[in-house]
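Chains A and B are the protein sequences, given in the same order. The numbers in the first sequence follow the numbering used here, run straight up by one, and end at 321. The numbers in the second sequence follow the numbering used here, run straight up by one, and end at 321.
Everything labelled a hint here was simulated from the structure, so no lab data went into it. Keep in mind that this is a model prediction, so the values were computed, not measured. All residues carry an ideal CB built from backbone N, CA and C; glycine is no exception. Some hints here could point you the wrong way.
[Unchecked claim] For lysine-lysine, the following DSSO-like pairs were computed, each having C-alpha atoms within a straight-line distance of at most 30 Å:
no.	chain 1	residue 1	chain 2	residue 2
1	B	K17	B	K246
2	A	K59	B	K59
3	A	K232	A	K246
4	A	K59	B	K232
5	B	K95	A	K95
6	A	K259	A	K231
7	B	K232	B	K259
8	B	K59	A	K95
9	A	K59	A	K232
10	B	K246	B	K231
11	A	K259	A	K232
12	A	K246	A	K17
[Claimed, not checked] In silico negatives: residues of chain B with every beta carbon more than 10 Å from chain A:
no.	residue
13	G73
14	V94
15	G98
16	E115
17	R118
18	R136
19	G193
20	K232
21	R267
[Unchecked claim] Derived DEER-like restraints, expressed as beta-carbon distance ranges:
no.	chain 1	residue 1	chain 2	residue 2	range
22	B	D132	A	E230	45 to 51 Å
23	B	Q121	A	A200	40 to 46 Å
24	A	R135	B	L156	38 to 44 Å
25	A	T79	B	E196	49 to 55 Å
26	A	N184	B	Q121	48 to 54 Å
27	A	E54	B	M301	42 to 48 Å
28	A	A199	B	A189	58 to 64 Å
29	A	E183	B	S87	37 to 43 Å
30	B	D132	A	R136	36 to 42 Å
31	B	A189	A	T178	56 to 62 Å
32	B	C173	A	P125	53 to 59 Å
33	B	K231	A	E54	43 to 49 Å
2 protein chains.
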Amino acid sequence: MKVVALAGGVGGAKLADGLQSVLPPGDLTVIVNTGDDFEHLGLKICPDVDTVCYNLAGLNNPETGWGRRDESWHVFQAVKQLGGPDWFALGDQDLATHLERTRRLQAGEPLSAITADFCRRWGVTASVLPMSDQPVPTIVLTEEGDLAFQEYFVARRCEPKVTGFRFENILQAAPAPGVLEAIAAAEVVVICPSNPWVSVDPILGVPGIRAALMEKKVVAVSPIVGGQAIKGPAAKMYAELEIKPSAAAVARHFGGLLSGFVLDQVDEILTKDIGIPTLITGTIMMEREQRTALAEEVLSFARGIK
Amino acid sequence: MKVVALAGGVGGAKLADGLQSVLPPGDLTVIVNTGDDFEHLGLKICPDVDTVCYNLAGLNNPETGWGRRDESWHVFQAVKQLGGPDWFALGDQDLATHLERTRRLQAGEPLSAITADFCRRWGVTASVLPMSDQPVPTIVLTEEGDLAFQEYFVARRCEPKVTGFRFENILQAAPAPGVLEAIAAAEVVVICPSNPWVSVDPILGVPGIRAALMEKKVVAVSPIVGGQAIKGPAAKMYAELEIKPSAAAVARHFGGLLSGFVLDQVDEILTKDIGIPTLITGTIMMEREQRTALAEEVLSFARGIK
Chain A
16 MKVVALAGGV GGAKLADGLQ SVLPPGDLTV IVNTGDDFEH LGLKICPDVD
66 TVCYNLAGLN NPETGWGRRD ESWHVFQAVK QLGGPDWFAL GDQDLATHLE
116 RTRRLQAGEP LSAITADFCR RWGVTASVLP MSDQPVPTIV LTEEGDLAFQ
166 EYFVARRCEP KVTGFRFENI LQAAPAPGVL EAIAAAEVVV ICPSNPWVSV
216 DPILGVPGIR AALMEKKVVA VSPIVGGQAI KGPAAKMYAE LEIKPSAAAV
266 ARHFGGLLSG FVLDQVDEIL TKDIGIPTLI TGTIMMEREQ RTALAEEVLS
316 FARGIK
Chain B
16 MKVVALAGGV GGAKLADGLQ SVLPPGDLTV IVNTGDDFEH LGLKICPDVD
66 TVCYNLAGLN NPETGWGRRD ESWHVFQAVK QLGGPDWFAL GDQDLATHLE
116 RTRRLQAGEP LSAITADFCR RWGVTASVLP MSDQPVPTIV LTEEGDLAFQ
166 EYFVARRCEP KVTGFRFENI LQAAPAPGVL EAIAAAEVVV ICPSNPWVSV
216 DPILGVPGIR AALMEKKVVA VSPIVGGQAI KGPAAKMYAE LEIKPSAAAV
266 ARHFGGLLSG FVLDQVDEIL TKDIGIPTLI TGTIMMEREQ RTALAEEVLS
316 FARGIK
């Protein structure tokens, strides 16, 4: 069964990993948000692409959620000793990814081709596609002014109150090669439990992607559980935008795009007004087996939707 | 006694370190070749500046001659695993220097200011000045065509037969701020035992530097001992340019610029035709104490020249 997953950071990467382990090689394409990509120390950093790839390759750091396991920090320490920027921590092995990606981008290769090659070398069997080869930087509109995403997320720790979002140059961006083809071939599209505002909306905003998804059976997994985000600022963003954070709010966020919705059992009471088929199950993926179990449940649920 | 040293790579860095340890803080300025600077992995790398700074800071790797002591190689290994270029080995701590330097260059700071700040943080008491803030890339003319210096030196291991040298854009380059002032204030200028063709000649070729040196007491230390270079391709270059490699050839290379010449005792027999005051002593610096001893001898010799 051909499946497309839309994913942002940690939660999305976990479910994408679960889907990869229950699907035959070649059946899964993961389309990844690049709105939070940025430049740091002159290097192109793609946090969501890397988190997804590291998870699919089994290279991810299970404690932090980002970066690589068995990581060392020699470069970062030495940069700090030189008075360099220390607000964004870069591990040594992770840095190699950014260095080699930047080198190849500067040599003219598109991000999608570089990502595919890295995945091949890391032994990833799923296809991982950035949503676009063109940069679409997410700007967080806040009461303290417009902030580049990583400045809001890392440097300011999501503290400024959000008033909206802007995805720069998105109308000039095109889906990366293979994105529309993968969606067209998919029997099921899974929107992974990633931040709807800053992980999924950028993907949906690339011209052509939303329209392609409207033809498909799309199932979203709520990243909001019990009114809280498992990780990250999704719930805080809903509240600041004066929407009560809940699984139901996530379902309404995606609206007519969805054929089905998956939410955690702690939220059962909130589902009555969603109006589409729901799967209520344990969605929190602490252990690797929970990724696989959720992936199997989501696919089985999606298959059953008429 | 104000002293200026001209230095390239390892040999120059060792004597510069010796001079730093025998002179009061503030009395030594080291003007360093930047002709072998290049870009690698998108980073600006200044091999001679770094070798000099690491030696002056006591951070140098005594076994390799280049790079830092107690170095790790996590990034380089991970870049190789991604299929990235592996012809130029970069240690983790060394990489931090290149990353932070590149970041600051891209932010608009000149190389000389960045180098001064790094030296301050590393506890270097000498002033280290790149010869110029403008890039002056050394091109090695060979029987196999023109090669960028690091391609000749590292990737091709100095194998192609040399026919000449070109220092690109050198006529448009200016001495870095402080270079001419340091020379004007110097009582003695020491040309350290660095490659005359590719370490010293680029410095001498920056407009204004040779003319300023002509006013000064300049003493050179031969990098050729017993017809061989202690390190690097200097002797091979002389031979390929049909000049018998010898200390005398080095003295003739610098010609009328020199007020005195220092050569190793194994070369005593070759000095009769130099025609300027000579100091014949042990010039090989294996141990740290030998750096200090040679520095003291060279300064004492220079002081005695009328």
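* **Non-interface claim for K232(B) versus chain A (Cβ beyond 10 Å)** => Per Cβ check, K232(B) is outside 10 Å of chain A; nearest 36 Å; holds.
* Sort out whether K231(A) lies within 30 Å of K259(A), counting only the CA atoms. => Holds - the C-alpha atoms of K231(A) and K259(A) are around 29 Å apart, at most 30 Å.
* Asked: Within 43 to 49 Å or not, the Cβ separation of K231(B) and E54(A)?
  -> holds (45 Å)
* Is the straight-line distance between the alpha-carbon of K246(B) and that of K231(B) 30 Å or less? -> Holds. K246(B) to K231(B) sits at ~28 Å (cutoff 30 Å).
* Asked: Does K232(A) lie within 30 Å of K259(A) when you go C-alpha to C-alpha?
  -> Measuring from Cα to Cα gives roughly 27 Å; hence the hint holds.
* Beta-carbon spacing of T79(A) to E196(B) - inside the hinted bounds 49 to 55 Å or not -> Holds, at about 50 Å.
* Asked: Given the hinted pair K59(A) and K59(B), is their alpha-carbon gap at most 30 Å?
  -> Holds, because 16 Å separates the two Cα atoms, which is no more than 30 Å.
* Minimum Cβ-Cβ distance from G98(B) to chain A exceeds 10 Å -> Nearest chain A Cβ is 6 Å from G98(B), so the label is violated.
* Hinted pair K17(B) and K246(B), Cα distance within 30 Å -> holds (29 Å)
* Mind verifying the non-interface call on R118(B)? Its CB should be farther than 10 Å from each CB in chain A. => violated (5 Å)
* Could you check the hint for me, namely that E183(A) and S87(B) are 37 to 43 Å apart, CB to CB? => Check passed, 38 Å falls within 37 to 43 Å.
* Asked: Is the straight-line distance between the alpha-carbon of K59(A) and that of K232(A) 30 Å or less?
  -> violated (34 Å)
Consistency note: the structure conflicts with the earlier hints numbered 4, 9, 14, 15, 16, 17, 18, 22, 26, 31 and 32.
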